[in-house]
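Engineer: If you're matching them up, the sequences are chains Y and W in order. Just so you know, this note's numbering puts 114 at position 106 of the first sequence, and the rest follows in order with no gaps. Just so you know, this note's numbering puts 125 at position 87 of the second sequence, and the rest follows in order with no gaps.
No lab work stands behind these hints, which were simulated from the structure alone. Note that CB positions come from ideal geometry on N, CA and C, so glycine has one too. Don't take every hint at face value.
What the hints assert, rightly or not - The calculated DSSO-like cross-link candidates involving lysine-lysine, where the alpha carbons are at most 30 Å apart (straight line), are:
#	chain 1	residue 1	chain 2	residue 2
1	Y	Lys65	W	Lys107
2	W	Lys92	W	Lys41
3	Y	Lys65	W	Lys92
4	W	Lys92	Y	Lys19
Said to hold, decoys possible - Covered stretches of chain Y, going by a simulated chain W footprint (3 or more residues, C-beta under 8 Å):
#	region
5	49–58
6	109–118
Each chain, letter by letter, is given below.
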Amino acid sequence: DAGITQSPRYKITETGRQVTLMCHQTWSHSYMFWYRQDLGHGLRLIYYSAAADITDKGEVSDGYVVSRSKTENFPLTLESATRSQTSVYFCASTGGPRQTEAFFGQGTRLTVV
Amino acid sequence: LAKTTQPISMDSYEGQEVNITCSHNNIATNDYITWYQQFPSQGPRFIIQGYKTKVTNEVASLFIPADRKSSTLSLPRVSLSDTAVYYCLVGGNQAGTALIFGKGTTLSVSS
Numbered sequence: 009d010a011g012i013t014q015s016p017r018y019k020i021t022e023t024g025r026q027v028t029l030m031c032h033q034t035w036s037h038s039y040m041f042w043y044r045q046d047l048g049h050g051l052r053l054i055y056y057s058a059a060a061d062i063t064d065k066g067e068v069s070d071g072y073v074v075s076r077s078k079t080e081n082f083p084l085t086l087e088s089a090t091r092s093q094t095s096v097y098f099c100a101s102t103g104g105p106r107q108t109e110a111f112f113g114q115g116t117r118l119t120v121v
Numbered sequence: 039l040a041k042t043t044q045p046i047s048m049d050s051y052e053g054q055e056v057n058i059t060c061s062h063n064n065i066a067t068n069d070y071i072t073w074y075q076q077f078p079s080q081g082p083r084f085i086i087q088g089y090k091t092k093v094t095n096e097v098a099s100l101f102i103p104a105d106r107k108s109s110t111l112s113l114p115r116v117s118l119s120d121t122a123v124y125y126c127l128v129g130g131n132q133a134g135t136a137l138i139f140g141k142g143t144t145l146s147v148s149s
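Turn these sequences into a full structure, and let the hints steer you where they fit.
Structural biologist: Put into structure tokens, the structure is as follows:
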């Protein structure tokens with residue numbers, strides 16, 4: 009089925025561990041984004057990518073790493089997880105000429121203990 | 039992206055029309071105005087997009103005055119299921135444009 013999917017949906021990890029959140033879209037959209045959402049902060053952009061092998065930092069990129077070797081995948085890695093990275097993470101993609109029409113995944117709820 | 043300003047929260051009753059206004063004084067010539075809706079535990083969902091005047095779809099209407107420094111999302115006859123956070127975004131077709139969300143407007147609909 010066409011769409012954008014995130015995995016896992018829920019993840020509990022320990023402080024200091026590396027964890028990777030996956031995002032896959034089937035539309036061949038050029039642009040992909042990672043956000044985190046915390047109570048009282050709305051959606052904050054972590055990283056975005058305009059195409060394969062092109063990535064840029066967003067508002068809150070410290071502690072996160074991304075890659076985009078294939079157009080359809082945009083994994084987000086927490087190099088050494090901290091409790092402050094406990095959040096809900098959303099991936100999005102867009103590919104039309106009006107780039108603000110984005111489609112979001114269902115989110116990954118990450119808890120760092 | 040142009041910075042946007044929206045009310046933090048709004049309350050309404052079922053059956054009423056709700057208008058949420060967004061200010062974007064620094065909107066650029068090639069920027070579009072887009073609204074998203076987000077329910078708890080879900081990702082945002084595109085509602086409507088416009089450039090000028092009025093746009094209407096099956097969900098909402100978007101009113102944009104001639105100077106484009108503000109826009110109003112109109113939800114006709116809201117129901118309890120319209121309780122959500124509504125975000126106003128302004129952006130265009132520039133390569134590398136990033137989608138920046140503000141805190142949005144929390145709409146609470148009561149019976």
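Engineer: Against this structure, judge whether each hint is valid.
Structural biologist: Quick rundown of the hints versus the structure:
This hinted pair checks out: lysine 65 (chain Y) and lysine 107 (chain W) have alpha carbons roughly 28 Å apart, not beyond 30 Å. Under the criterion of a C-alpha separation no larger than 30 Å, the hint pairing lysine 92 (chain W) with lysine 41 (chain W) is consistent with the structure, at around 21 Å. For a cut-off of 30 Å, the pair hint linking lysine 65 (chain Y) to lysine 92 (chain W) is broken: about 35 Å separates their Cα positions. Distance check on the hinted pair: lysine 92 (chain W) and lysine 19 (chain Y) sit about 43 Å apart at the alpha-carbon level, beyond 30 Å; violated.
Evaluation of the coverage hint for the region 49–58 of chain Y: fulfilled, as 7 residues show C-beta separations to chain W shorter than 8 Å, against a requirement of three. Counting residues of the region 109–118 of chain Y whose CB lies closer than 8 Å to any CB of chain W gives 7, so the stated coverage by that chain holds, three being the minimum.
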